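K.L.:
Once you have looked at the hints, place chain B on chain A.
Residue strings, one per chain:
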Amino acid sequence: MEIAEITKQRIKAHLAKGMRFDGRTPMQYRPITIETGVSKKAEGSAKVRIGETEVWAGVKLGTSIPFGDSPKSGTLMVTAEFSPMASEKFERGPPSIESIELARIVDRGIRESDLIDLDKLCIKEGEKVWCVFVDIYPINDAGNLADAAALAAIVAIKTAVFPEYKNDKINFGVFTDKHLPLGEYVPFTMTFHKIGDQLIVDPTVQEGEASEAHLTISVSSSKKGEFVHAMQKAKDITMSVEEVNSIIDHAVKEFKVIQKAFEDATK
Amino acid sequence: MAYTKRFDGRKADQMREVEAKVGVVPRADGSAMFKFGDTIAIAAVYGPRHLHPQFLQDPQQGIIRCSYDMISFSVTERKRPGPARRSQEISDVTARSLEPVLLLSQFPNTVIDVFINIVQADAGTRCAGINAASLALAHAGIPMTDLVGAISVGSLGGSVVVDLTKEEEDYEEDGEKAATDIPMAFTLRDKKISLLQLDGKVKPEDLKKAIEAGRKASEAIYEIQKEALRGLK
Chain A
795 MEIAEITKQR IKAHLAKGMR FDGRTPMQYR PITIETGVSK KAEGSAKVRI GETEVWAGVK
855 LGTSIPFGDS PKSGTLMVTA EFSPMASEKF ERGPPSIESI ELARIVDRGI RESDLIDLDK
915 LCIKEGEKVW CVFVDIYPIN DAGNLADAAA LAAIVAIKTA VFPEYKNDKI NFGVFTDKHL
975 PLGEYVPFTM TFHKIGDQLI VDPTVQEGEA SEAHLTISVS SSKKGEFVHA MQKAKDITMS
1035 VEEVNSIIDH AVKEFKVIQK AFEDATK
Chain B
0 MAYTKRFDGR KADQMREVEA KVGVVPRADG SAMFKFGDTI AIAAVYGPRH LHPQFLQDPQ
60 QGIIRCSYDM ISFSVTERKR PGPARRSQEI SDVTARSLEP VLLLSQFPNT VIDVFINIVQ
120 ADAGTRCAGI NAASLALAHA GIPMTDLVGA ISVGSLGGSV VVDLTKEEED YEEDGEKAAT
180 DIPMAFTLRD KKISLLQLDG KVKPEDLKKA IEAGRKASEA IYEIQKEALR GLK
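Respectively, the protein sequence lines represent chains A and B.
Letter 19 of the first sequence, counting from 1, is numbered 813 in the numbering used here, and no numbers are missing.
Letter 5 of the second sequence, counting from 1, is numbered 4 in the numbering used here, and no numbers are missing.
The set of hints was computed from the structure by calculation and includes no laboratory data.
All clues stand as given, with none of them false.
No more than 27 Å apart at the CA atoms, straight line, and that leaves these computed lysine-lysine pairs for DSSO-like:
no., chain 1, residue 1, chain 2, residue 2
1, B, LYS176, A, LYS960
2, A, LYS834, B, LYS34
3, A, LYS834, B, LYS20
4, A, LYS883, B, LYS20
5, B, LYS165, A, LYS960
6, A, LYS963, B, LYS165
7, A, LYS834, B, LYS4
Only some residues are given here: those of chain A computed to face chain B with a beta carbon under 10 Å:
no., residue
8, SER833
9, ALA836
10, GLY838
11, VAL853
12, PRO878
13, ALA880
14, ARG886
15, PRO889
16, ASP935
17, ALA936
18, ALA950
19, PHE966
Please read all numbers here as calculations on a predicted model, not as lab measurements.
The beta carbon of each residue, even a glycine, is placed where N, CA and C say it ideally should be.
Only chain B is shown next, with the shape it has when bound in the complex:
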């Protein structure tokens, strides 16, 4: 039995309703909100600014630090406030996914801090976070060579679908987990991969299809990000 009809009736290559907006945290140097359906991320950027502790400073270039966190009531069962192993790992892969497009050599010894809060979660939170962060960095006027667009692609019982919901992430066939979640990010002009993770069980040829589906979806994200930034000075 294959997963041919999606739970919410979307086409295989169709994302949920996407919304992007910049300037949602006026006190920050740059900020943005990014929404995939019921998944909502807010990102705020501070910097480049002085980096403490001093031993972290790099005299060749600035560094980017991300803090990803889910607020306690963003999920159905309360999440304990504060960082955990999961959020620390996601913070790190988020920073690594954004770093390639930043011209950090212009800001030696400094840090660019990116804070991401997931305020409502329905799968794909790290991707929404990266999209919000990419916009927030641009909104902060940080010199960048490109934008970054992230999307989670899934292989459900062998069918490749983009932008999984929580219900799809938990998809089962014959009582067994049958969903593979593959979050990925692309530099949007260059079309290079800056984030790639996978957990599940997928055939190599399906994985290749999934990456191609992600690349296509990232083109749509690029348009949405450009639109959100239009009109900024």
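Just chain A, same shape as in the assembly:
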């Protein structure tokens, strides 16, 4: 059920004074907890909780024929399945546009940052390469699925190992201790929501419904400084250039909370 207009007004009025219903500051996340290795059958897997929001992500490997224009590169596929388990708002049936958009945002952050070095996933040029499947499953939607999904995906990738490969085929279920080839940039994804004139991160369900526009941004940090790898503005309210600039400034400052959760979980 959509929240009442009056609740939206109260959320907005509170935010104008820098306050949120649960006592957080506008740029404060709920507690983030991460478990790794949640499925013994996956090459890599993670469960991320942000407050009561829970998302699982898993990495499975397979082999396939490479694309014609990149005969030496492995492939990456990211999917998200919005199971109606996670929210009364998700319907059964084919993937919704929301789940496709979420998967594509996560995909772009991973792909454009070269988190996985796909060029090192060649088995035989032009004939056989590894394909990396990253599948995302929200289990409980208590707001901000996007950031939880993106975080679960990168943790699953970071912890993933190759299955045994012998006599030209994968021995499924037998794992090696060899990790996926990773690049130097890790994309940390945050979504900024505009409610009235205020910007917040990590909305609750109510705040998410009061949100008028949001911008998802993937940022990495390395010796070469910070880079932005992916962005997506959603909903039908415009944002001013100043607002977007302010989000970029916030993102390169605030991503550290996600980076810390990631590093603690994958130490």
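P.N.:
What follows is chain B alone, placed relative to chain A:
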């Protein structure tokens, strides 16, 4: 050659380590996790709620709809996301196994939706799913006359064993498949059968033994389910 010593050293009538917990999906009206060893199922219940499309509505009673699915990385070789013939059939037999204990006549024109995700699979997934769903329905406060407990019983080369693992499901003798898998569910106070499936090749007298072994195992599941629900208001 008979299957007398189980691969994982369990006794014939011994289930794997079982764990049950309710409230794992806070947004749902009711939810539960149920684990048989390495098989883990999560179930969430929404409803009774408005039923669309309208022609499915029954003015005499509510209906129960189940959606069973395995997540892509719950198995060793990636499962394509989304429903398939297998999952649709299991969804249906799951709903039929739970329906007898629900007082659906109290909720005409509505639907109770049960969503089951298998997050890690090592055989017995539909049974773990039914056990989780039974708990989730109770957790949601749906009026029920009973709980439902499901267990898969196998006949391996003529030996009856409960709660098969994947390795046991694939058991062979002389290069031939020699395992018969018999998933079954019981209403737990009434001790009636609400799910019974079989695939394999089994002698009638072994089948009867298997059903009796399943009934006994369901008593243990009943205790675990009651324990998981204890303390709820």
